[in-house]
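Chains as they are written, first to last, in this note's numbering: chain A, 37 to 274; chain B, 3 to 204.
Derived from the structure by calculation, the hints contain no laboratory data.
Mixed in with the good hints, there may be bad ones.
[What the hints assert, rightly or not] Chain A regions said to be covered by chain B (calculated; three or more residues, Cβ under 8 Å): (1) 44-51; (2) 90-100; (3) 134-142.
[As the list claims (entries may be wrong)] Mimicking SDA-like on lysine to any residue, the simulated pairs with C-alpha atoms at most 25 Å apart in a straight line are: (4) 197/B / 175/B; (5) 197/B / 52/A; (6) 207/A / 266/A; (7) 100/A / 103/B; (8) 100/A / 59/B.
C-beta: ideal position from N, C-alpha, C; glycine also.
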Amino acid sequence: MIPEEQKDQAALYVLGLLEPHEAAAFESQLSANAELRDIARELREAAGSVAFTARQQAPPAALKQRVMREIATETRERKVVPLRQSAFGWVPWAIAAGLAVFCGLLALDRARLERQLSDIRAVDPLMQTTFYTLAPSAPAPADAKATVAWQPGRQSGVIRISNLPAPQPGKDYQLWAVDAEHKDPISAGIVRVDKNGVAQIRFTPVEKAEHVKAFAISLESEGGVPKKEGPILLVGST
Amino acid sequence: MDYAEQSECMMQETSQQIADREMIARVVQGDQSAFSALYDRLVDPLYSLGCKMLGDVVEAQDAMQDVFVQIWRRAGSYDPEQSSVFTWAILLARSRIIDRLRARGRRLRVVAASTDDKDVSITAVDASVVESAADISSRNESAMRVRTIMTNLPLEQREAIELAFFGDLTHHEIAERLGEPLGTVKARIRRGLLKLRERMQT
């Protein structure tokens, strides 16, 4: 048995008078209630018949011609749909070709940018320089420090040292490049500080060092050694 | 007649309804001759509805062109479980006409009349019925029956149904215009429609 209130809602529903949320709620009731659907159908039929109360008027014959002409046009358009689909079959290939061209242009652009970057690096030393900051380790003074500006392309660099006292007689400070592709540090020469503990020296490793991870300064015998022996005083990476 | 008897009676399809369903099935297949026949069957009541709601024959013709194109396009969505073809077409047309009224910011003249003066509105409705009664040469026997039944409905039910069907109003607006509680208006619409349906079946 359908409650009166639900029948009232059904009447409003078939007339399209419910608010959207009310209509949605009623539709959920409809889907679960066959008796309610029957009532809705009867109310719908009744509502449709109300149209008969409008004063009967005959349309002009031209109206049917207009309608039939439009229908015929639509029918023709429907029939050409498959042709349109096949006519547009090239679209995915065109898109793929476009993407390929686009990727090619991107590759060219990347190569161009790499060339430009290479040129810029060649012109501007700063663009091809890597900086390393070396911090002290015992027995070096705590305020000792060094900075290395390294240009791999040129295999040369500049080290600036400060607050590092001169070594005792018979000893020298030796700079080392720690390279990823070499088992032992590569000697970059002897560095001598002035009386203020300062040095600024251009250096070149004795072997090619293309993948330098760090630079270090050790205390070695005077004149240096081919392979690090003494203690590390300063070391640092990028 | 209890509800079960009513339902059984109402479910009996007329030969016209069966013919309508056959026509719509052929329309779905793209049969223009079937559509032409369906047009002939539906155009008078639909066009009359358009004229009444829009109050302008030229606009009604434009609306009908749109409505019949919609029928052509949407024939596949017709659900015989929900309504007859005729009712489906009528409610589709009403919906499209209301869209036009809303788009053009206009209201049904009948609604305006009922707002200004309830007695005038009632007179207008009665006049419509009288006109239709005078229109004995009406092509549609069903139309005459509906008008007769509507005329014999309690006035408050007929008035509520007319406003609900022909006016672009929400149920709250109908209640406001009639100066009645919402629940009362809902019950009037529902009782009037069920009575109309019941009497159409007898």
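Consistency of the hints with the structure:
Here the stretch 44-51 of chain A counts 7 residues with a CB under 8 Å from a CB of chain B, which clears the bar of 3, and the coverage holds. Note: the stretch 90-100 of chain A has 9 residues with beta-carbon separation from chain B under 8 Å; the three-residue rule is met and the coverage holds. Check on the stretch 134-142 of chain A: 0 of its residues sit with their Cβ under 8 Å from a Cβ of chain B, so the three-residue criterion for coverage is violated. Taking the CA atoms of residue 197/B and residue 175/B, the gap is about 23 Å. The hint holds against a cut of 25 Å.
Of the pairs offered as hints, the one joining residue 197/B and residue 52/A holds, with about 19 Å between alpha carbons and a cut-off of 25 Å not exceeded. At roughly 10 Å between alpha-carbon atoms, residue 207/A and residue 266/A fall within 25 Å of each other, so this suggested pair holds. About 23 Å separates the Cα atoms of residue 100/A and residue 103/B, which keeps this hinted pair within 25 Å; it holds. For a cut-off of 25 Å, the pair hint linking residue 100/A to residue 59/B stands: about 15 Å separates their Cα positions.
The structure shown violates just one earlier hint, number 3.
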